[in-house]
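J.: One-letter residues, chain by chain:
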Amino acid sequence: MDIPYTVEARPDTGVYNAKLGIWLFLASEVMLFGALFSTYILLRTGAESWPHGRDLGLNVPLATLNTMVLIASSVTVVLSWASLRLNDLKKYRLYMGLTLLCALGFLVIKYFEYMEKFHHGHYPSFNTFFAIYFTLTGLHGLHVLGGIVVNGYLWGPGVKLWHRDPQRFTNRVEVAGLYWHFVDLVWIFLFPVLYLL
Amino acid sequence: MAQTHDVESIRRETRTYIKVFGALAVLTVVTVAISYLHMPPALAIVVALLVAIFKGSLVAGFFMHLFHERKLIYWVLVLTVAFFVFLLLYPTLWELNLNKL
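Line by line, the protein sequences are chains E and D.
Counted from 1, the first sequence has number 106 at position 106 by the working numbering; the numbering is strictly sequential.
Counted from 1, the second sequence has number 9 at position 9 by the working numbering; the numbering is strictly sequential.
Keep in mind that the hints are not guaranteed to be accurate.
To be verified - Here's a subset of chain E near chain D, in silico, CB distances under 10 angstroms, partners left out:
#1 Lys19
#2 Leu20
#3 Val30
#4 Ala63
#5 Thr67
#6 Ile71
#7 Ala72
#8 Ala82
#9 Glu113
#10 Val159
#11 Tyr195
Stated by the list, open to error - Dumping the calculated DMTMM-like pairs for lysine to aspartate or glutamate here, alpha-carbon to alpha-carbon at most 25 angstroms:
#12 E:Lys91 - D:Glu13
#13 E:Lys160 - E:Asp55
#14 E:Lys117 - E:Asp55
#15 D:Lys19 - D:Glu8
#16 D:Lys19 - D:Asp6
#17 D:Lys19 - D:Glu95
#18 E:Lys160 - E:Asp2
#19 E:Lys90 - E:Asp165
#20 E:Lys117 - E:Glu48
#21 E:Lys90 - D:Glu95
#22 E:Lys90 - D:Glu8
#23 E:Lys110 - E:Asp55
#24 E:Lys110 - E:Glu29
#25 D:Lys71 - E:Glu29
#26 D:Lys71 - E:Asp88
#27 E:Lys91 - D:Glu8
#28 E:Lys91 - E:Asp165
#29 D:Lys71 - E:Glu8
#30 E:Lys160 - E:Asp88
#31 E:Lys91 - D:Asp6
#32 E:Lys90 - D:Asp6
#33 D:Lys71 - D:Asp6
#34 D:Lys19 - E:Asp88
#35 D:Lys71 - D:Glu13
These aren't lab readings, by the way, just hints derived from the structure by calculation.
Every residue, glycine too, gets a C-beta built ideally from N, C-alpha and C.
So that you can see chain E by itself, here it is in the shape it has in the complex (with noise of 0.2 angstroms):
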């Protein structure tokens, strides 16, 4: 049986089903990243004093390159997708490809600047700053992860599917996309909030 509406927009809804789910779960997403940065506002607020995150070592050229990576990311994954709405798999193979290069480009510098904390005995555990610091940095990074999972099996396997329904591909690339820029808009706020402020 095939599934309705992955292609033809739902007539009471106006889009895909798909469309809908990822906007969903992205709302849930909002709700769990919402709930640590109350969590991180209660916490500031609340205590006596609140750490400059550049006075306790956090790279913020590493953490700024990282931004313009994720930046980066995130305009190469809507141009894979408008490169399938123009036929071009190749393009879209070179442009998925270079989203995934910056998704481990971003964990890679992501484990320096981790193991440069762990270096100097900055553990979750050393204060209440790098214990919000480790959950929301942590947090983003499973979902980077999630990301690139995702996205690697679009890039390969997945492309089966264009031969088959290339409509249905595109709309599966559209959404996971949906959700990488959310990934990278999470960051957005994490940067200024851990390293600037």
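Let chain E serve as the given structure and place chain D on it in line with the hints.
T.: Leaving out everything else, chain D in the frame of chain E:
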């Protein structure tokens, strides 16, 4: 729907994506540069959050094409924002109430 768009409009969109990328990169540099100015904490927080909100709107509006989305998605988001604001404020309100006791 995606493929009912003509080639020219997709190419135009692509150019927009590149411009948005440029804006995001510049704003990232701006927000880092501002953080070195040693403004009073309250002002620094407001400025940094305003820049982040602007950057976030660019990503949501253009990359996630929210500027041209269906009504239903907007409603999902309106609900999300309402609950999100409640989630952010509730602990604070609860604290304030507790302090009165």
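J.: When the structure is checked against the list of hints, which entries are broken? Sort them ascending.
T.: 9, 10, 13, 17, 21, 26
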